[in-house]
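Trainee: The primary structure of each chain is shown beneath.
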Amino acid sequence: MASDPMGSQLRRILSIFFSLSIILPLSSPSPTMHNNNWAVLVCTSRFWFNYRHMANTLSLYRTVKRLGIPDERIILMLADDMACNARNNYPAQVFNNENHQLNLYGDNVEVDYRGYEVTVENFLRVLTGRHEASVPRSKHLLSDEGSHILLYMTGHGGNEFLKFQDTEELQSHDLADAVKQMKEKNRFKELLIMVDTCQAATLFSQLQSPGVVTIGSSMKGENSYSHHLDPDVGVSVVDRFTFYTLAFFERLDMYSNASLNSLFTSYDPTLLMSTAYYRTDLYERPLNMVPVTNFFGSVMKTIPTDSAYPGFLVAHASEYAAISAETETARVVLEDEADHSKTYDQSEKGLQHTLDEWLKLLEGKLGVKDPEVLVAYGLGSMVLLLTISTWLSS
Amino acid sequence: MGLFKSVNQLGAWGHFKILGPIIIYASVLSVFPLGSSLWFLDGERFTSGPLTGGGVMASHTFLSLLLFYLYSFHLLRPIYCSFGSNGFETTSVPKEEEFSEELLLKPLPDYKVLAHFHFTSISPPSSSNGKHHHLFPKSIAQLVKKYKIRELELSFTQGRWNYDRWGASDPLSTANGKPPGVELWALFDIPTKEEIDATWRNLTHSLSGLFCASINFLESSTSYSAPLWGFLPNNGDLRYGALPREAVCTENLTPWLKLLPCRDKAGIASLLDRPSIYRGHYHSQRLKLRSDGLNGIVIEQTLSVVLQPIDRTSWSMHQLFKKSLTGKCALAKSSKVFLEIERSLVSQNENILELVGEADMVTNDQRDHSTIYQYNVERYSEHEALDIRVNWKKLLQVSFLQAPLHASRFLMGSGNERGSIAISLQSARNSTKGLYDNSKNCFTRVVILQVVPWYVKVYYHTLRIYVDGAIRDAKDVVEKINVTPSEDKVSPGTLEMMLQFPCGMMSAALILDFDKGFLHIDEYPPDANQGFDIPSALVSFPDFISRRIYPDSISSPLLQSYKGRNIVKSYTEVLLVPLTTPDFSMPYNVITFTCTVLALYFGSMVNVLRRRVSEEERLAKSKDKRKPGLIPLLISKISNKVRGIKEDSANQSQSSEPILGPKVVFKVVLIALIAVLGHYFFNSS
Numbered sequence: 001m002a003s004d005p006m007g008s009q010l011r012r013i014l015s016i017f018f019s020l021s022i023i024l025p026l027s028s029p030s031p032t033m034h035n036n037n038w039a040v041l042v043c044t045s046r047f048w049f050n051y052r053h054m055a056n057t058l059s060l061y062r063t064v065k066r067l068g069i070p071d072e073r074i075i076l077m078l079a080d081d082m083a084c085n086a087r088n089n090y091p092a093q094v095f096n097n098e099n100h101q102l103n104l105y106g107d108n109v110e111v112d113y114r115g116y117e118v119t120v121e122n123f124l125r126v127l128t129g130r131h132e133a134s135v136p137r138s139k140h141l142l143s144d145e146g147s148h149i150l151l152y153m154t155g156h157g158g159n160e161f162l163k164f165q166d167t168e169e170l171q172s173h174d175l176a177d178a179v180k181q182m183k184e185k186n187r188f189k190e191l192l193i194m195v196d197t198c199q200a201a202t203l204f205s206q207l208q209s210p211g212v213v214t215i216g217s218s219m220k221g222e223n224s225y226s227h228h229l230d231p232d233v234g235v236s237v238v239d240r241f242t243f244y245t246l247a248f249f250e251r252l253d254m255y256s257n258a259s260l261n262s263l264f265t266s267y268d269p270t271l272l273m274s275t276a277y278y279r280t281d282l283y284e285r286p287l288n289m290v291p292v293t294n295f296f297g298s299v300m301k302t303i304p305t306d307s308a309y310p311g312f313l314v315a316h317a318s319e320y321a322a323i324s325a326e327t328e329t330a331r332v333v334l335e336d337e338a339d340h341s342k343t344y345d346q347s348e349k350g351l352q353h354t355l356d357e358w359l360k361l362l363e364g365k366l367g368v369k370d371p372e373v374l375v376a377y378g379l380g381s382m383v384l385l386l387t388i389s390t391w392l393s394s
Numbered sequence: 001m002g003l004f005k006s007v008n009q010l011g012a013w014g015h016f017k018i019l020g021p022i023i024i025y026a027s028v029l030s031v032f033p034l035g036s037s038l039w040f041l042d043g044e045r046f047t048s049g050p051l052t053g054g055g056v057m058a059s060h061t062f063l064s065l066l067l068f069y070l071y072s073f074h075l076l077r078p079i080y081c082s083f084g085s086n087g088f089e090t091t092s093v094p095k096e097e098e099f100s101e102e103l104l105l106k107p108l109p110d111y112k113v114l115a116h117f118h119f120t121s122i123s124p125p126s127s128s129n130g131k132h133h134h135l136f137p138k139s140i141a142q143l144v145k146k147y148k149i150r151e152l153e154l155s156f157t158q159g160r161w162n163y164d165r166w167g168a169s170d171p172l173s174t175a176n177g178k179p180p181g182v183e184l185w186a187l188f189d190i191p192t193k194e195e196i197d198a199t200w201r202n203l204t205h206s207l208s209g210l211f212c213a214s215i216n217f218l219e220s221s222t223s224y225s226a227p228l229w230g231f232l233p234n235n236g237d238l239r240y241g242a243l244p245r246e247a248v249c250t251e252n253l254t255p256w257l258k259l260l261p262c263r264d265k266a267g268i269a270s271l272l273d274r275p276s277i278y279r280g281h282y283h284s285q286r287l288k289l290r291s292d293g294l295n296g297i298v299i300e301q302t303l304s305v306v307l308q309p310i311d312r313t314s315w316s317m318h319q320l321f322k323k324s325l326t327g328k329c330a331l332a333k334s335s336k337v338f339l340e341i342e343r344s345l346v347s348q349n350e351n352i353l354e355l356v357g358e359a360d361m362v363t364n365d366q367r368d369h370s371t372i373y374q375y376n377v378e379r380y381s382e383h384e385a386l387d388i389r390v391n392w393k394k395l396l397q398v399s400f401l402q403a404p405l406h407a408s409r410f411l412m413g414s415g416n417e418r419g420s421i422a423i424s425l426q427s428a429r430n431s432t433k434g435l436y437d438n439s440k441n442c443f444t445r446v447v448i449l450q451v452v453p454w455y456v457k458v459y460y461h462t463l464r465i466y467v468d469g470a471i472r473d474a475k476d477v478v479e480k481i482n483v484t485p486s487e488d489k490v491s492p493g494t495l496e497m498m499l500q501f502p503c504g505m506m507s508a509a510l511i512l513d514f515d516k517g518f519l520h521i522d523e524y525p526p527d528a529n530q531g532f533d534i535p536s537a538l539v540s541f542p543d544f545i546s547r548r549i550y551p552d553s554i555s556s557p558l559l560q561s562y563k564g565r566n567i568v569k570s571y572t573e574v575l576l577v578p579l580t581t582p583d584f585s586m587p588y589n590v591i592t593f594t595c596t597v598l599a600l601y602f603g604s605m606v607n608v609l610r611r612r613v614s615e616e617e618r619l620a621k622s623k624d625k626r627k628p629g630l631i632p633l634l635i636s637k638i639s640n641k642v643r644g645i646k647e648d649s650a651n652q653s654q655s656s657e658p659i660l661g662p663k664v665v666f667k668v669v670l671i672a673l674i675a676v677l678g679h680y681f682f683n684s685s
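Residue numbers (my numbering), protein chains in the order written: chain B, 1 to 394; chain W, 1 to 685.
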């Protein structure tokens, strides 16, 4: 009789543990899961002769749309109207190649910020998510801690800045601050910043936030050049860096496994006439393990679950309470572990501490003018060393 | 509970079938039941709870509620009927949501073609809040509900409607002639001015998100105005704003098409080939909506394009749009294509136009201004696409019905300081002969609405009016005037004017002087050097109504809208005012120069004040004495090195002697010996 309640208790604990093992991964979605993709594509140049910057941006827009990011998750910022510009001989069409095979403007383009709206202020507002109350949802970057964000910018830049509409500048500090804010607000899991401007690499110099990988079209002191001129349109239609990026992506579809590394190493400095620079020290995963579709597409891992809605499993309040208690203990255990590691650290630190003290003492004595004392200390330490060495050798 | 209720409703219907006429009479007589209907519906819902729940409530409340329930059921009857039988005067209100699509083609006198797409969606009034929509765009319904809009019109236009050639007083041109860029006006169902302004601001943001345009720039109070009668007579609940420089392109058309049930996948909208329509000479895309309790919400989406056929003498639909019309949108109630031919094109010579293709119906309007050919799209399929072809047999120059006065606006003066705005009105009597007589008592009334941004500071007292070249006293001509002067960085200046001109007048001109203001450096747009646009002025003629009445045998929302009382109006050109723009690099230059000058000044000033020249000289001399010259010092050093003498050896030996003395060395060796011995001893033991 006495063993019965014990057994039942044990069974209950076991069952709780069992249910916990099923539910835990569902009830507490791990913060490391990548579950959605966003793209912010920015063309910062105004005026007709900067046609190529808009073509760059629209090419990327088309690529990410083709690889599966829907329109409502793309924030497209175009500083000027090129497609229906009076100078454009091909109304409602934008080309990035002189063969005119592909109309980038398509039939279903949706521009979120255009014309005078493309300012540094609005750009930073989009990144940090600090909008006025009346701004519609289509103009928000509604990413979360599971988002992979592609940030593509093109325009005219220089050492640690990017020009907006020829009047304003976005500095590398501004960008770094915005990214830092995003990280603190859990607005992204991983962020890929791709910049096609002159001296693009300098724009990344202030970034500190983890989970950010960046690539720029040129190093400090280098220019980024346009690829070719279209005699019918009358201006250059694409930049070299973007052109070769697109050339890489044209071979891919949604299901290809090309890695970020293969994209980054595909740039040939002789073709680019500049050196593509990428910074990965803030990024944890090895680049050859990261598929490009993690940023340029919207390909998710599928996780089979027993129930369509994990929320129903924890519908019963009592069970939920038990579980929450369990998780509580689990947390306590974790914390204990953390404590252990801390004390271990401390003991190690203590040893180091005493040694440091002795050395400091010695240093202090070195400064003493009396040589007798110094010699005495030296002899003392020598004796100490000798005894230790003999003890060890024996 | 739900079943119970529906059975009750059925019962009510049954009653209605029998008592119908009496109840209709009752409902028409009294407005009261409609007002109380919701309340009683609530009561019903409330009472049915205890009935099925089984006496949770106290018995007396239950009884009273039961009585109340029965009573409410009794009263509810007429309400059910009134909804069912269109007991009110809402005979045209459909019970279900409707959508219809139409296209009107019209050859213009300069061999261009006007294509006018007209889509109508109707949502009947609904009492419930969260309504499910079948055809009607939900986003618009939500917009109307949230912002309490009574009427709204949003237009995106590129190019300018050529009033001279393409007509100015037929319903199509009155409705379609829109100012370049974006024009938005809305009538709200909100009582206070502040609330209207706040709602307008939110509305502009919503629309900018919906239509991918920078309509949110109309948010600031400097960009919109509230005309009282110049645009549309109202009680101060109208807001009007225009953005003359807003680009119009595919991204605005995409969301507009998404409001249609078939988008551009089927039906008439599938003709909208983007490169073809944006190549046109004029392009205007509109959304107009009306909402009231009786008719529900009605949206008219229209798109007018003026296209230039490649071959001037003949064109077909396929040539114009590069696509062919193969069928109707399956969700559309009606799908029709019209070809409208103005009488002036036909009357002079019967054989100017030749039509290829058989029309389903041909009718003339009441006053015989035009002929309409109707084609029903459902007759056509993939195998037999609808393709209307028109051949011009003879090329000639005619023009369509003109407005009584042709309005144009221009700038006068030179320089960056001041200028004048002039509006000139030219009589177009030749084409509208029948409308005038030269008697003294005949007057033409003209209403002018002009909104000017604050940085163009108009002096309204300088208004000068010339009639037939002679200056006239404003009192003689101006019948009514309403001026809202601009306030710097707060509100634009609005001028509403009703003028009376004698009928025999040939020309008139209005001139207003203005000063150009200065903007703050932050307020200049990135392309300030291009100049600033002043929105179009609106010139309307309240005595002239453009309407065309076609026989009722054609049921078409487009031709129905022709019948309305549309006042003849025309928009003037947009003005481009060059303002003084700073050289934007200038501040940097100024800052660097100023800083250099200041640094020089302060540096020398401090030098003069703080430096003691005599002291320094003395110090320098004493140093010179103590130290030999640089070259002798070097030579002596080198010679010392060569001879192997250490320069400061004396000093070093002095300081190192106590440490490295023989005594110390002896001690160290001794200890080391002891240690080694000890080591050896310990090891051996």
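These are calculated hints, taken from the structure and not from any lab test. Among the hints, erroneous ones may be present.
Pairs of lysine-lysine, DSSO-like flavour, derived with a Cα cap of 27 Å [to be verified]:
hint	chain 1	residue 1	chain 2	residue 2
1	W	Lys663	W	Lys637
2	W	Lys457	B	Lys360
3	B	Lys65	W	Lys323
4	B	Lys180	B	Lys220
5	W	Lys146	W	Lys95
6	W	Lys563	W	Lys288
7	W	Lys146	B	Lys139
8	W	Lys457	W	Lys393
9	B	Lys139	W	Lys516
10	B	Lys139	W	Lys95
11	W	Lys131	W	Lys95
12	W	Lys148	W	Lys95
13	W	Lys258	B	Lys65
14	W	Lys95	W	Lys563
15	W	Lys288	W	Lys258
16	W	Lys138	W	Lys95
17	W	Lys193	W	Lys265
18	W	Lys322	B	Lys139
19	B	Lys65	W	Lys138
20	B	Lys189	B	Lys65
21	B	Lys65	W	Lys265
22	W	Lys131	W	Lys145
23	W	Lys146	W	Lys193
24	W	Lys146	W	Lys288
25	B	Lys139	W	Lys667
26	B	Lys139	W	Lys323
27	B	Lys220	B	Lys139
Small disclaimer: the values here were computed from a predicted structure and weren't measured.
Trainee: If a hint holds in the structure, say so; if it doesn't, say that too.
Mentor: Structure-based check of each hint:
1. For the hint linking lysine 663 (chain W) to lysine 637 (chain W), the alpha-carbon distance of about 35 Å lies beyond 27 Å, and the restraint is violated.
2. For the hint linking lysine 457 (chain W) to lysine 360 (chain B), the alpha-carbon distance of about 79 Å lies beyond 27 Å, and the restraint is violated.
3. A C-alpha spacing of about 26 Å is found between lysine 65 (chain B) and lysine 323 (chain W), which places the hinted pair at or below 27 Å, so the restraint holds.
4. For the suggested pair lysine 180 (chain B) and lysine 220 (chain B), the alpha carbons sit about 23 Å apart, so the restraint of at most 27 Å is met.
5. As the CA atoms of lysine 146 (chain W) and lysine 95 (chain W) are separated by approximately 23 Å, the hinted pair is consistent with the 27 Å bound.
6. With a C-alpha separation of about 17 Å, the suggested pairing of lysine 563 (chain W) with lysine 288 (chain W) holds against the 27 Å cut-off.
7. As the CA atoms of lysine 146 (chain W) and lysine 139 (chain B) are separated by approximately 19 Å, the hinted pair is consistent with the 27 Å bound.
8. Restraint check for lysine 457 (chain W) and lysine 393 (chain W): not satisfied, since their Cα atoms lie roughly 53 Å apart, outside the 27 Å limit.
9. Only pairs whose Cα atoms come within 27 Å are accepted, and lysine 139 (chain B) paired with lysine 516 (chain W) is rejected, the gap being roughly 35 Å.
10. For the proposed pair lysine 139 (chain B) and lysine 95 (chain W), the alpha carbon gap of about 37 Å is over 27 Å, so the pair is violated.
11. For the given pair, lysine 131 (chain W) sits about 14 Å from lysine 95 (chain W) by alpha-carbon distance, which is consistent with the 27 Å threshold.
12. Pair hint lysine 148 (chain W) plus lysine 95 (chain W) holds up; C-alpha atoms about 22 Å apart against a cutoff of 27 Å.
13. Taking the CA atoms of lysine 258 (chain W) and lysine 65 (chain B), the gap is near 18 Å; set against the 27 Å cutoff, the hint holds.
14. Pair hint lysine 95 (chain W) plus lysine 563 (chain W) holds up; C-alpha atoms about 24 Å apart against a cutoff of 27 Å.
15. For the proposed pair lysine 288 (chain W) and lysine 258 (chain W), the alpha carbon gap of about 15 Å is at most 27 Å, so the pair holds.
16. As the CA atoms of lysine 138 (chain W) and lysine 95 (chain W) are separated by approximately 17 Å, the hinted pair is consistent with the 27 Å bound.
17. For the proposed pair lysine 193 (chain W) and lysine 265 (chain W), the alpha carbon gap of about 43 Å is over 27 Å, so the pair is violated.
18. With a C-alpha separation of about 34 Å, the suggested pairing of lysine 322 (chain W) with lysine 139 (chain B) is violated against the 27 Å cut-off.
19. A distance of roughly 25 Å separates the Cα atoms of lysine 65 (chain B) and lysine 138 (chain W); the hinted pair therefore holds under the 27 Å criterion.
20. In summary, the hint linking lysine 189 (chain B) to lysine 65 (chain B) is supported, as the alpha carbons are separated by about 21 Å, within the 27 Å threshold.
21. For a cut-off of 27 Å, the pair hint linking lysine 65 (chain B) to lysine 265 (chain W) stands: about 20 Å separates their Cα positions.
22. Distance hint between lysine 131 (chain W) and lysine 145 (chain W) is fulfilled; the C-alpha atoms sit about 11 Å from each other, no more than 27 Å.
23. Of the pairs offered as hints, the one joining lysine 146 (chain W) and lysine 193 (chain W) holds, with about 17 Å between alpha carbons and a cut-off of 27 Å not exceeded.
24. Of the supplied pair hints, the one linking lysine 146 (chain W) and lysine 288 (chain W) holds, its CA atoms being roughly 17 Å apart against a limit of 27 Å.
25. About 85 Å separates the Cα atoms of lysine 139 (chain B) and lysine 667 (chain W), which puts this hinted pair outside 27 Å; it is violated.
26. Between lysine 139 (chain B) and lysine 323 (chain W) the CA atoms are separated by roughly 34 Å; this puts the pair beyond 27 Å, and the hint is violated.
27. The suggested pairing of lysine 220 (chain B) with lysine 139 (chain B) is violated, with an alpha-carbon distance near 33 Å, which exceeds 27 Å.
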